[in-house]
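> The chain contents come next:
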Amino acid sequence: MSLAVSVGEFEGPLGILLELVERNQMPVTEISVAAITAQYLERIRSLEQQGAEQLSEFLQLGARLLYIKSLALLPRESAQEQADELQQLNLELEEYQRYQQAARQLGRLSAGASWTRPTVTRLEPHELPLPQLTLPQLAEAFARALRQAEPQPKRQLLATPVSQAAIMARLRRRLAEGPFELQSLLDATRHRLEIIVTFLAMLELTRAGELQVTQGGQFAPIMVEPAHD
Amino acid sequence: MTKVAASVTALLEAVLFVANEPLGVARLAQIIEHEEATVQQGLRELGESLAGRGLQLTELDGQYRLVTTPAADGPVRRYLQAEARAELSRPALETLAIVAYRGPVTRAQLDELRGVASETMLRNLLQRGLIAEKGAAEEPGHPTLYGVSQTFLQHFGLGSLSELPPLPEADSTEAAPA
Amino acid sequence: MTKVAASVTALLEAVLFVANEPLGVARLAQIIEHEEATVQQGLRELGESLAGRGLQLTELDGQYRLVTTPAADGPVRRYLQAEARAELSRPALETLAIVAYRGPVTRAQLDELRGVASETMLRNLLQRGLIAEKGAAEEPGHPTLYGVSQTFLQHFGLGSLSELPPLPEADSTEAAPA
Numbered sequence: 001m002s003l004a005v006s007v008g009e010f011e012g013p014l015g016i017l018l019e020l021v022e023r024n025q026m027p028v029t030e031i032s033v034a035a036i037t038a039q040y041l042e043r044i045r046s047l048e049q050q051g052a053e054q055l056s057e058f059l060q061l062g063a064r065l066l067y068i069k070s071l072a073l074l075p076r077e078s079a080q081e082q083a084d085e086l087q088q089l090n091l092e093l094e095e096y097q098r099y100q101q102a103a104r105q106l107g108r109l110s111a112g113a114s115w116t117r118p119t120v121t122r123l124e125p126h127e128l129p130l131p132q133l134t135l136p137q138l139a140e141a142f143a144r145a146l147r148q149a150e151p152q153p154k155r156q157l158l159a160t161p162v163s164q165a166a167i168m169a170r171l172r173r174r175l176a177e178g179p180f181e182l183q184s185l186l187d188a189t190r191h192r193l194e195i196i197v198t199f200l201a202m203l204e205l206t207r208a209g210e211l212q213v214t215q216g217g218q219f220a221p222i223m224v225e226p227a228h229d
Numbered sequence: 001m002t003k004v005a006a007s008v009t010a011l012l013e014a015v016l017f018v019a020n021e022p023l024g025v026a027r028l029a030q031i032i033e034h035e036e037a038t039v040q041q042g043l044r045e046l047g048e049s050l051a052g053r054g055l056q057l058t059e060l061d062g063q064y065r066l067v068t069t070p071a072a073d074g075p076v077r078r079y080l081q082a083e084a085r086a087e088l089s090r091p092a093l094e095t096l097a098i099v100a101y102r103g104p105v106t107r108a109q110l111d112e113l114r115g116v117a118s119e120t121m122l123r124n125l126l127q128r129g130l131i132a133e134k135g136a137a138e139e140p141g142h143p144t145l146y147g148v149s150q151t152f153l154q155h156f157g158l159g160s161l162s163e164l165p166p167l168p169e170a171d172s173t174e175a176a177p178a
Numbered sequence: 001m002t003k004v005a006a007s008v009t010a011l012l013e014a015v016l017f018v019a020n021e022p023l024g025v026a027r028l029a030q031i032i033e034h035e036e037a038t039v040q041q042g043l044r045e046l047g048e049s050l051a052g053r054g055l056q057l058t059e060l061d062g063q064y065r066l067v068t069t070p071a072a073d074g075p076v077r078r079y080l081q082a083e084a085r086a087e088l089s090r091p092a093l094e095t096l097a098i099v100a101y102r103g104p105v106t107r108a109q110l111d112e113l114r115g116v117a118s119e120t121m122l123r124n125l126l127q128r129g130l131i132a133e134k135g136a137a138e139e140p141g142h143p144t145l146y147g148v149s150q151t152f153l154q155h156f157g158l159g160s161l162s163e164l165p166p167l168p169e170a171d172s173t174e175a176a177p178a
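Protein chains in written order, with the working numbering: chain U, 1 to 229; chain B, 1 to 178; chain S, 1 to 178.
Derived from the structure by calculation, the hints contain no laboratory data.
Cβ atoms here follow ideal geometry from the backbone N, Cα and C, with glycine treated the same way.
Warning: the hint list may mix true and false statements.
Said to hold, decoys possible - Some chain U residues near chain B, calculated using beta-carbon distances under 7 angstroms:
1. Ala72
2. Trp115
3. Val120
4. Leu135
5. Ala139
6. Val213
7. Gln215
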């Protein structure tokens with residue numbers, strides 16, 4: 001199945017997640033984050049390769065999945081938090097699923113449209129009273145219309161698209177110079193999204209055995225360094 | 001596709017409802033994809049079924065059309081006159097202004113300029129007699145061009161469109177948000 | 001006063017036939033010069049009497065209009081030489097479904113439900129006239145509310161929003177995977 005990607009015509013992140021959940025034949029109320037996260041991230045990567053822009057929402061959901069997944073690795077107190085986070089995600093997914101099914105029903109309805117009467121019924125010109133209207137009003141209306149027609153500045157989620165590949169490359173360059181503090185990396189990022197992508201890139205490099213993260217003590221700075229092997 | 005076989009009478013009624021011209025049997029047969037004899041029969045039945053309603057089927061030289069009954073003349077006239085006298089809504093006024101200053105324009109051009117669908121506005125202005133169709137644009141599909149009407153010019157006492165007032169300065173209007 | 005008083009239903013039918021816009025009860029009462037209660041009753045009767053015909057009465061936000069039935073879609077399209085409707089994309093249908101069942105909604109509510117920015121989609125649907133602005137929400141910043149339009153009803157051949165199929169239950173996991 002190919003995903004058609006064009007700006008503004010996204011199957012949203014929840015749509016992709018739901019599709020994966022359905023493909024794995026899980027009930028939306030009992031999704032296995034462990035099983036789904038990797039597939040989801042794989043999807044984002046393929047979106048990215050297709051050159052899709054504005055991946056922020058997709059990455060945010062990815063980060064959420066990773067977070068929920070990571071809670072399982074941590075001490076017991078986080079079990080409750082994981083359950084809560086998961087339940088919240090289930091609820092959102094359930095509601096989304098209802099509307100997606102409603103959308104399908106709607107799609108089936110569109111077999112037959114109704115039509116209005118495009119015919120314009122008019123009285124004879126001499127019977128036609130005209131509205132009160134002055135020329136200055138008309139000129140002003142035109143000026144107003146022109147102003148509105150000027151392209152609205154687009155609300156941009158991000159000045160520049162953040163690509164995970166680019167951030168990975170940046171990380172590798174930093175690593176080549178030796179260990180550094182995680183904080184210094186985050187200080188250089190301006191957007192929440194960039195932080196998320198950085199986080200994802202680090203996980204990716206860790207998995208690939210290129211990077212490791214260490215911490216000397218509970219409140220000691222977190223160090224990022226090349227993996228020893 | 002809905003397979004609810006609509007009766008021939010219903011199909012004829014629907015087509016005559018949207019038609020803005022009288023239609024003959026041959027044409028109707030083509031449109032609803034039935035035999036001419038069936039159409040004949042359907043028209044007869046439609047005419048009969050309309051008895052006592054607000055619409056009637058008229059025939060002239062074998063051309064059929066759906067019109068309101070004379071009994072409804074009063075309300076219909078009242079509606080049309082009130083409609084013509086009513087103040088123009090802001091979107092309607094803007095549409096009229098664009099047609100006046102930029103016309104003749106097509107609906108697509110208007111849509112693009114205003115960023116919203118302008119069809120309802122156009123119909124409203126046509127019905128009020130403020131704009132009129134001015135031929136077809138020389139582009140694919142030959143969409144209808146709209147321009148202001150004679151009535152419009154008379155109403156404002158304009159000899160021609162070149163007498164329209166110049167546009168207010170963009171800055172000055174911006175400065176006074178009223 | 002004419003004593004051949006055409007029935008209220010017939011007058012309403014005639015006026016709605018002529019009107020190029022949806023009309024509310026108060027306005028109709030004024031035009032046909034009858035009590036609003038009578039108009040209400042008349043509209044109900046008109047709607048019922050149209051069953052099986054080529055026309056139907058639609059209602060949205062208390063505004064009534066006469067349109068053709070979905071069953072006549074083919075012939076009417078053939079007459080108007082209307083182009084095949086562009087299929088709505090899945091995200092567009094999804095957004096429409098939320099606006100139809102949940103509406104009026106704000107953009108923020110849509111964003112949250114869909115988990116993705118809906119601004120482009122909203123603009124697209126506004127441009128196609130399928131949704132319309134329905135005032136402002138009573139919350140900080142007074143964001144615009146969006147609801148479905150008369151065009152939406154027409155597009156799907158619905159008489160009113162109450163004719164929408166019920167919103168599926170969350171549990172009914174894929175009753176029909178098509």
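> Let me know if the C-beta of Ala72 (chain U) comes in closer than 7 angstroms to any C-beta of chain B, holds or violated.
Since the shortest Cβ distance to chain B is 49 angstroms, the answer is violated.
> With a cut-off of 7 angstroms, does the beta carbon of Ala139 (chain U) approach a beta carbon of chain B closely enough for the hint to hold?
5 angstroms, holds
> Is the interface hint for Leu135 (chain U) satisfied, with its Cβ closer than 7 angstroms to some Cβ of chain B?
Where the cut-off is 7 angstroms and the nearest Cβ of chain B is about 5 angstroms from Leu135 (chain U), the hint holds.
> Can the hint on Val120 (chain U) be confirmed by a CB-to-CB distance to chain B that is less than 7 angstroms?
Holds: closest Cβ of chain B sits about 5 angstroms from Val120 (chain U), inside 7 angstroms.
> Holds or violated: is the Cβ of Gln215 (chain U) closer than 7 angstroms to a Cβ in chain B?
54 angstroms, violated
> Holds or violated: the hint that Trp115 (chain U) contacts chain B, with Cβ atoms closer than 7 angstroms.
Check passed: Cβ of Trp115 (chain U) comes within 5 angstroms of chain B, closer than 7 angstroms.
> Tell me if Val213 (chain U) is really an interface residue toward chain B, meaning its C-beta lies closer than 7 angstroms to one of theirs.
50 angstroms, violated
Against the hints set out earlier in the document, violations occur for numbers 1, 6 and 7.
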